Amino acid sequence: MKISIQQPPAPPPVPKPQPPPPPPPPVPVPQPIPVPPPKPMPRPVMRKLLPHKPPPPAAAPVFQAPPPPPPVAALPDAQVQASAAQLYAAELNARVQSNLVVPASVTMMGLSGTTHLAVTVAPNGSVISVVVTQGSGAPPIDQAAEAAVRAVPLPVFTANMPQHDITFNLTVHLATNQN
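The end of the sequence shown is residue 179 by our numbering, with every number in the run present.
Think of the hints as simulated: they come from the structure by calculation, not from any bench. Keep in mind that this is a model prediction, so the values were computed, not measured. By construction, the Cβ of each residue, glycine as well, lies at the ideal position given by its N, Cα and C atoms. Fair warning: there could be bad hints in the mix.
As the list claims (entries may be wrong) - Across the chosen pairs, the derived CB separations fall in these ranges:
id: 1; residue 1: Gln-143; residue 2: Pro-37; range: 34 to 42 Å
id: 2; residue 1: Asn-124; residue 2: Gln-86; range: 15 to 23 Å
id: 3; residue 1: Ala-159; residue 2: Ala-94; range: 18 to 26 Å
id: 4; residue 1: Arg-150; residue 2: Ala-90; range: 15 to 23 Å
id: 5; residue 1: Ala-118; residue 2: Leu-87; range: 30 to 38 Å
id: 6; residue 1: Ala-175; residue 2: Leu-87; range: 20 to 28 Å
id: 7; residue 1: Leu-87; residue 2: Thr-114; range: 18 to 26 Å
Construct the entire structure; sequences and hints are all you get.
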């Protein structure tokens, strides 16, 4: 007799679990293009301009009163005073214009302009007040005009002028190429 032992059939092999499919490659996130920070504007270099000085004349001019009118054809007092005041105003304007210093900021910006001033002068030649009656639109130009008036030495009034404070209206022109 034969005895055979039957063994239960072997269980089918357990399939190995499949590894999960690899994740898809990451989608590259677009990197922003680095933009360099804006360069700061160069700061203007402030240079002190030397005042324009004309070549020295042989002798310093002395402000002298105009000669008195001839006695034969004497003008009335009001006309004499008005004429003397006009001569003084012309001298004042010439002195201010020649004493004008163009500020560095005006030169750098290439500005030019005209400032109208009311200048009150005492009989002793001292400046009582300077008022901008019509500005140039550029404060540095107006300030330069005022500074020129305050810096210029003025002569005393002549004997033919009224002996009280007089307000003169001046027009001061300033341009970059002035000095």
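Evaluation of the provided hints:
1. Gln-143 x Pro-37: 34 to 42 Å: holds (35 Å)
2. Asn-124 x Gln-86: 15 to 23 Å: holds (20 Å)
3. Ala-159 x Ala-94: 18 to 26 Å: holds (21 Å)
4. Arg-150 x Ala-90: 15 to 23 Å: This hint holds: roughly 19 Å between Cβ atoms.
5. Ala-118 x Leu-87: 30 to 38 Å: violated (19 Å)
6. Ala-175 x Leu-87: 20 to 28 Å: holds (26 Å)
7. Leu-87 x Thr-114: 18 to 26 Å: Roughly 23 Å apart at Cβ, these two residues keep to the hinted range, so it holds.
In this structure, only the earlier hint numbered 5 is contradicted, and the remaining ones agree with it.
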